[in-house]
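> Please put together the full structure from these sequences, using the hints given.
Protein chains in written order, with the working numbering: chain W, 9 to 477; chain C, 41 to 357.
Be careful, since some hints might not be right.
[Unchecked claim] Coverage of chain C stretches by chain W, computed from C-beta distances (three or more under 8 Å per stretch; other residues unrestricted):
#, segment
1, 192 to 198
2, 213 to 219
3, 297 to 303
4, 317 to 323
[To be verified] A partial selection of chain W residues facing chain C, derived with a Cβ cut-off under 10 Å:
#, residue
5, Leu-129
6, Ser-214
7, Asn-223
8, Thr-298
9, Gly-310
10, Gln-436
11, Gln-442
12, His-447
13, Gly-449
14, Thr-450
15, Ala-453
16, Asp-468
17, Ala-472
18, Arg-475
[Unchecked claim] FRET-style restraints, in silico, Cβ to Cβ:
#, chain 1, residue 1, chain 2, residue 2, range
19, C, Leu-136, W, Glu-67, 43 to 51 Å
20, C, Val-91, W, Lys-84, 37 to 45 Å
21, W, Arg-21, C, Pro-93, 30 to 38 Å
22, C, Val-92, W, Ser-390, 45 to 53 Å
23, W, Arg-475, C, Arg-72, 51 to 59 Å
24, W, Gln-210, C, Val-187, 27 to 35 Å
In short, the hints are calculated from the structure, not lab data.
Here the structure is a predicted model, which is why all the values come from computation and not from measurement.
We treat Cβ as the ideally placed atom computed from N, Cα and C, and that holds for glycine.
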Amino acid sequence: MTDSHPTRRTLLRYGAYGAGAAALAGTAASWDRLTGADIPGRNDGSLVVATLGPAYGPEAVRTLTEGFKQVHPDIKLRINAVQAVDWSDFFAKILTQIAAGTAPDLVYVATEGVQLFAQRLGVPLDDWVKRDAEELREYFADVHPSLVESMMYEGSLYQLPVEFNAADMYLNHQVLERAGAGFPAADWTRDDFTALLRDMKQASGSQFTPYFWTNRLWGGVVPWLFANDTNLLAESKAPGGDWLWDSFYPAAAREGRGGGYRWTTPQATDARVEEAYDYLASLVQEGLCTRPEGGNGQNLIGVFSTGRVGVTPAGGFWAGGLHLAGMKGDAFDVQYFPRWRTQRMQFGAAGYALLRTSKRQEEAWEFIKYAARRDTLTRLFSTNQTTPARRSMLTAERYRETGPEHWPVFYDTLDKFPDTGPIPAPPQVAEVEQVLLKHTGTALASRRSVGPALRRMQGDLEKAMERDV
Amino acid sequence: MTNTQIPAVRPQPPAAPPAPAPRRSARDRGTRLLATLFLAPTIVGIVVFTVVPIIGSVVLSLFHWNVIDDPSFAGAANYREAFTDSTVLVSFGNTLLFMVLAVALQLVIALVLALAVNGRMPVWLRSVFRSAFFFPLVLSAASISVVMKYLFNQDFGVVNWLLGLVGVAPVPWLTSENAAMATVILVYVWQQFGFSFLLFVGGLNNIPKEIHEAASLDGATGLRKHLGITLPLLSPTLLVASVVGIINALQVFEQPYVLTNGGPGDATRTVVMVIYESAFEQLRFGAASAVGVLLFVLIMAVTALQFRLSRRFVHYQ
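Here it is, written out as structure tokens:
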């Protein structure tokens with residue numbers, strides 16, 4: 009073993025290294041954490057509004073920005089159109105922005121995320137609504153209370169709905185004629201629906217599927233649960249909300265309203281849920297409808313417009329979609345969802361949620377009011393890519409070019425069926441939707457697999473609902 | 041013939057005193073500095089984008105974090121959950137099954153096609169085949185999967201339409217538990233085998249022709265030559281192709297996510313899908329990190345096992 013002693017030069021060198029490292033560590037420790045907001049140009053004092061990219065094209069962004077500038081030239085506005093495939097993907101990206109320190113001031117949020125944002129991120133609009141009640145009276149008079157109620161959480165209002173889409177039934181006239189069937193009546197039943205699908209199947213070739221549906225929370229299996237007078241999660245209403253109903257709605261419209269929906273105990277093993285799944289499984293087995301995994305919105309317009317599908321659930325957004333795909337307004341039409349035990353239907357709505365982290369909350373409120381104005385929505389929704397939340401905007405003139413003939417169905421789904429409600433979307437919505445999609449696929453493999461799959465769904469839903477978001 | 045006795049231990053000369061370490065010249069120091077400068081971007085890149093995220097994931101796996109609130113210490117709770125959650129366990133099973141089938145199929149197809157392309161054929165045709173087999177690899181996996189989803193749609197897909205022309209009933213390519221995994225593997229292999237194919241073509245070109253000629257003179261023919269000569273000499277390339285193939289297959293995400301979204305049920309749900317869903321859909325970043333760490337350990341273990349086994353099966357010239 010050698011006994012070496014460090015030289016003076018070595019000691020000095022290591023001393024210098026140590027001092028350098030200590031200086032570097034000290035400097036790093038004394039800095040504030042860098043976030044995305046530190047990137048030059050990010051934090052320029054603008055009011056930042058995050059919207060779902062595909063729904064808000066450049067034209068819509070320009071409409072919003074330029075219109076708002078005319079009304080509020082002192083507020084700098086930046087629309088951040090986030091590209092996402094669906095609401096779940098959109099929320100994930102918004103949350104990533106929040107984690108990165110670049111939270112927007114306002115986020116466009118659909119029913120799927122209303123309670124998640126309200127519970128964890130949102131600011132109630134109650135005080136502003138009360139303050140500007142006179143200004144908003146015209147808005148609430150024009151918007152169905154069910155839409156407003158769907159934007160409430162535990163007694164407070166978190167968004168002013170600007171659009172919605174109810175799950176109605178679109179029918180292809182070419183397919184109806186081929187089957188020798190007439191357009192169904194408004195009070196058609198589930199049995200009428202099944203008979204129509206059989207007629208369509210019989211009259212068409214093997215490359216034809218009468219009923220096309222998409223496995224998702226909106227427009228999937230849930231409308232059938234509603235029609236069978238049940239739901240995936242037990243539904244109730246939170247107390248409160250009188251401050252809003254008493255101020256803006258007449259007594260008849262106030263009846264049964266509360267402080268927003270509560271979705272709590274999973275009930276996937278409920279007999280009526282099983283019955284609804286069993287019915288859909290029978291349609292799949294009979295070749296009358298697509299399997300849940302087979303359907304997706306991407307190819308739906310193509311197969312519907314070419315007559316390879318006869319019936320599908322969709323909302324007002326499809327009037328614009330089919331028109332853009334070249335389908336004439338008289339080639340299709342829309343009817344209410346068929347009656348089973350009830351004719352309660354399902355909708356999803358959207359509006360702007362104000363985030364707690366926003367330092368421009370007054371300006372943000374001004375934008376919320378501006379975005380809910382009739383003239384703003386008229387310019388924004390000029391192509392019928394959705395159903396405006398304002399009843400007065402649904403006119404014959406609006407649907408003259410795109411169709412469908414029975415366009416009043418869109419708003420009458422709310423007006424004539426006041427129990428029509430939002431999709432079940434508790435704060436744990438992401439996991440709930442994932443569980444629903446997963447087990448719906450398994451449940452519809454055959455009629456025998458319905459029961460076991462729903463029992464597994466029940467277990468997974470219970471776990472999901474127990475988790476704190 | 042002389043019979044010389046070689047001593048078992050040669051007498052060693054007396055040990056010389058240790059020479060003083062040569063002092064590095066200024067030129068050596070300059071070369072080292074230059075080398076360090078050239079390596080620095082890569083080292084910084086690996087540290088920032090690989091080492092730090094790995095350490096970050098390990099740390100995060102010990103916390104509950106939902107992005108919105110501050111993280112809270114969870115100890116081993118996320119790992120305990122990973123080992124008991126049926127979806128996580130099924131996803132590991134699916135991923136391992138996918139890895140075995142996809143990599144085996146990928147290597148076999150790539151090797152057979154590489155041998156075929158290396159055979160006698162016009163140079164231009166060889167170029168066409170090489171490009172055609174490699175081309176899918178340069179496309180985005182997500183876009184390929186979107187197209188394949190249309191092709192394999194049970195009700196409206198081209199594949200079932202073509203089968204219908206010859207009287208075959210519609211096949212539930214993506215909607216039955218058994219067929220879905222097979223279809224995802226087929227789509228994955230179709231896109232990925234080009235990489236192994238290219239490695240094998242290069243490896244085959246490096247085998248000296250003289251060895252094949254000598255084997256022919258000894259009477260070896262087709263399959264015998266490939267089993268006895270080509271495969272052993274190609275074994276280092278096979279090792280590289282299989283290591284890369286297995287690492288990629290264990291991280292498969294795009295194809296099952298786009299084609300089946302993990303369904304029907306959990307039939308095609310992979311580990312990386314579970315990580316994505318836990319983190320970005322359910323906001324459970326700690327749980328997602330724990331599964332990520334377990335996948336990292338699995339990949340390390342499988343790769344280490346491959347290198348260990350390679351001592352037995354890989355022959356270097």
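> What are the numbers of the hints that this structure violates, sorted from low to high?
none
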